[in-house]
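Given the sequences, and given the hints that come with them, work out the whole structure.
If you want the building blocks of each chain, they are given just below.
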Amino acid sequence: MTLLRLALAYARPYRTWVLAVVALQLVSTIAALYLPSLNGRIIDEGVSTGNTGLIWALGREMLIWCAVQAATAITAIYFGARTAMAVGRDIRRDIYRKVDSLGALDISAIGTGSLITRNTNDVQQVQMLVLMTLNFMVSTPIMCVGGIIMALREDVGLSWLVWVSVPVLFVIVGFLVRTLLPLFRLMQERIDRINDVTREQVVGLRVIRAFVREPFEEERYREANAAITDTSIKVGNVFVLMFPVIMMILHIVTAAVLWFGGYRVDAGAMNVGQLSAFLQYVLQILVAVMMGTFMVMMIPRAVVCAERIDELLGTETSMTVRERGATALPSAGRVVFENVTFGYPGAERPVLDDVSFVAEPGTTTAIVGSTGAGKTTLVKLIPRLFDPQLGRVTIDDVPVDTMDRHQIAGVVGLVPQRPYLFSGTIASNLRFGNADATDEELWEALEVAQGADFVREKEGQLEARVSQGGTNVSGGQRQRLCIARALVARPKVYVFDDSFSALDVATDARLRAALAEATGGATVIIVAQRVSTIVEADNIVVLDNGVVVGQGTHEQLLESNETYREIVESQMSIEGAGR
Amino acid sequence: MSTREEPTMTEPEENPTGPAVETSEASAAVGPDAAPEEEAFIPGADDLGAFGEGAAPRKPKNFWPSARRLFGLLAPHKVKFVVVVALVAASVVLTVIAPRVLGQAMDVIFDGAIGRALDDFAGVPIEQVVEILRSQGQDDLADMLAGTANVIPGVGIDFSRLGQLILTVLGMYVVASVLMWAQGYILNRIVMSVIYDLRKRIEEKLHRLPLSYFDTRQRGDLMSRVTNDVDNMQQALQQAFSQLVQSALQVIGIAVMMFIVSWQLALLALIALPLSAIIAGVVGSRSQKLFTEQWKSTGQLNGHIEESYSGLELVRVFGRDKEMLEVFDERNERLFTSSFGAQFVSGMIMPLMQFVNYLQYVLIAVAGGLRVASGTLTIGDATAFIQYSREFSQPLGQIAGMANMLISGVASAERTFELLDAEEEEPETATASLPPRTDGHVEFDDVSFSYSADTPLIENLSFSVQPGQTVAIVGPTGAGKTTLVNLVMRFYELDGGRILLDGVDTRQLSRAELRGQVGMVLQDTWLFDGSIMENIRYGRLDATDEEVIAAAEATMVDRFVRQLPEGYDTQVSAEGGSISAGERQLITIARAFLANPSLLILDEATSSVDTRTELLVQHAMSALRTDRTSFVIAHRLSTIRDADTILMMENGRIVERGTHEELLEARGAYYDLYMTQFLGGHVEPEDAALVGAPVGLGAQPDAEGTSPEAPAEPEQG
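Those protein sequences? They're chains A and C, same order as listed.
According to the working numbering, the residues represented by the first sequence are 1 to 579, in order.
According to the working numbering, the residues represented by the second sequence are 580 to 1296, in order.
Hints may contain errors.
[Stated by the list, open to error] Dumping the calculated SDA-like pairs for lysine to any residue here, alpha-carbon to alpha-carbon at most 25 Å:
#  : chain 1 : residue 1 : chain 2 : residue 2
1  : C       : Lys779    : C       : Arg768
2  : C       : Lys784    : A       : Arg206
3  : C       : Lys657    : A       : His406
4  : C       : Lys901    : A       : Ile249
5  : A       : Lys234    : A       : Ile249
6  : C       : Lys868    : A       : Tyr78
7  : C       : Lys784    : A       : Ala227
8  : C       : Lys875    : C       : Gly860
9  : C       : Lys901    : A       : His406
10 : A       : Lys98     : A       : Ala7
11 : C       : Lys875    : A       : Asp94
Just so you know, the hints here were simulated from the structure itself, not pulled from any lab data.
Set out below in structure tokens:
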């Protein structure tokens, strides 16, 4: 049902084309149906009476119908393909726009991988089904009904053969298809399973070898392999049955038509030509039924895909932009967290609990805390990747949920924990947040980010190619390019989420020194592990299990805050051999 | 009278693996043949489960050798295979002869009908009737009657003969159907058993290939060989092959029958042959090109989708959605145009072929009618001929389709064979064995190793580690730290020298035995799809839940697992999921902890863990390390400082060794490294205690290189 609704909804704009397909296929099918009748007349009126002139005349007529049939069929294909591909294009477009409108939480609930599959593969399935439907499903019923009408026209006395054979074929093919459907579903699961196992084995190769788990993995694979082989054999067994059975039915019907038709001919109730035409009609009907039933097999897979697409398209975004009123957009970049509480859906306790702090323009605020304390979540609230459940985040007194994404992007620049670059060139990546930046500006940003040297050494320099994710530059280089990218955008608020981790201390220090100058009057918020990075911050926010347990300068906190002291001491014990 | 009206869509429907029609486009992008400009898409593609769908059409490099080898796979089933071919041949012969018999039945009816029509001449011999008709001026009718020897004026249809013929035909078809079924049944089993073995061989091969094989190849490509290509081969063997044999035999058989029935009409029917060939050639190659175009644009669009979803947060933070949308729309539109073209042109083939088919049908109907009218052909032969001519074009179309599938299958086979033929690890030559618990005495004796011959990495390295010692390996990126520990694991084979474990050359040990003694925690965390419990238990498969939890407690895993709603049953996967990078590392540490090995290797095992947690883990680790030898590669100083021996590496050589204090006093490379780091921190010496700056002792401006030495960072936000 979902499939049907989805397909119909998306085919609606192209209903003229769909109508054209139906009309053209109608003509084409009628032409195809008319041909046996002409052939019958050639036998009855031409051959039986030895009238060669009539044979020629009917032959010409047949040729014309042939041409009509081919022309309409091709035109129908044209509109069918156009419609199906347009439907696919439109669904893809809507999914893409839908994803764009969704909040980061909505998206993580679905999963990036699944989103991609839905936008690509799933649409493909639905689109192919629409195509097949337009190409065959329309002509099949026409062929069926037309064939029956034409057959009846030839001789009603044999019509019972149609009424018997069509349902029999229906039942038998339907039975086979019904046997196949669950097997197909199982098959798909098992294909997925064996692919997953394979993928894990390739990805985890070193670990498997290190733990000598080859026998274990081989067993896991063997199970998956045996399962898929088993299902394949079952599917194959049904398949090899299908064709012979269908052929047998067709041949039995042929024989029956000849036998009973013979009696009617003998009784003078029908002509030989009519018999021959009738036979062809019956076969045409049966073949049409068969084709239609085969087509049905494509449906279950498409249904699953359509459901997944529909679910996505039906997802309500949790990220609406509230009315801001007359307030102007932020100009200074004063970030304020007011009693912010945030938890991931389904989690037992919030990640952030009643967090409040202020980050003033021109100052640096550091966020510290242990693994899982909620640091990354906290900074993600600033560019409004999430909305807090309670409290609010404002920039210059403008709540972030009253700004649209572009307005926020103009104010906040984030360097993520996981440095990610897009495929393209270094320049295209750096201009990501500011398309109009000049080359000079790019180089300036690179200088600050301590990335100018390695970019200069690269072939093509700014135009050097970057692969997706930035996998062709090292982790440290990636991180510096991400920092430069944020600098090029010149935001009011800089957010660095553990962005210096892949840098050695010397580079880190140089970078921070340069950064202090470059960021000037902007607000800087830094998440960091290293105390050396934190120590110079104007304000340090100490997070523990999502709660702010202390705020102040390094000295103040060292004096007064137990958690902070622990963090620093742990670093001393781990790092601090330097005496 | 035809039995099959349409050139049936055999390929898609008869595909026992299910999805065939729908998926070829999507997967093309993943395929290794993707054009260079799609390169960007490939790395991500293998994370999507996008592989495992149909396969891109491929062109084999050496068709015949690979084809021979592909069919060589059937060799163990030779006898059954011969049976299959025999069954196909027999059933084809029957189905080819049947229409002829059917034609005879038609003749009986026709003769009877004419005889009935000549009631007026009842009892008059047919020759006389012909003469009478001629005298009446009905020459055409007379001609026709002259050609039909079996018309007896006044006598209707000979039902006993008709019944006989019909039963014969039925019998032939039933037998043919049974034979077809039998061959399909046997072939299905043969092919599936061949494919099962093939998959098994490939998987086993994966475990025997040297790591260097994987270092130099794209993961997506490799997986595609194991999945898509095997599927493709299955299809080729299962369908293409028997269809091809069947169709070829049919074409020959039908051609022969047509010539037997009427060589004049046969020549006429053959006109369709070149016509069909031209259509298949012209339209087919055009659609091939369009399909390539479609695959390309599919790849580009999917690449863009993949990329914009993977970098979604950044797209938002930088407010780039509009630009991404523009690119999407442009590529989406391009895909529409190209796929529409491909579908239209390829869809044209069928109606065009049908047109040729009808054309032939008309020609034969007319010519046949004329010949019947002139008495040179019976009506039965004419109908038989019509059926033959229609059945003629169908196997031809199938041959074309199957040939494509077969070519594609052979190309896949080629790629699979490449994998199977790849050079394996040196075979096991285990001549020695170790006691169940080794002391952990490790000795490098004049070891040389390089990844590629022209860039030597480790040369003539010798050192030994006493049992129970902790060895820290420090040095800049590319110094060979990870390589060194990989050599202990025998992940790579030495170019020279030897490594001894408790005095036994590791090459004399089986890899399993050697690695069984070693616990390794790698820099890139690997978790498989499964629960946290299962992932930890991977370290020791027979561990009880209590033992797993004990290991988890010792490695600080328990602490965060308890906070997860589903606890140890929480599902994790290779891609990430609900737990952070640091937590993933802790799980892999727990795994090694559980394995309880005699030798421990920690390669940047705690790089994503915060310092406080690390401290706690370190306590556990030191418990793990007591009484066993450990190799530690780390940034962080405390580990290094506490080590019994520090190996300072540069360019594959150990330039210094000793304790932290010794090396500092020596004022050599270690001291320099240490001081650079230290001074780089811009911290006054007296603050050092508080600040504890030196972190990057490894002096790595780039913590992760792209060399095999430093595996890529785990994808984790």
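Hint check against the structure, violated hint numbers in rising order: Of the numbered hints, 3, 4 do not hold.
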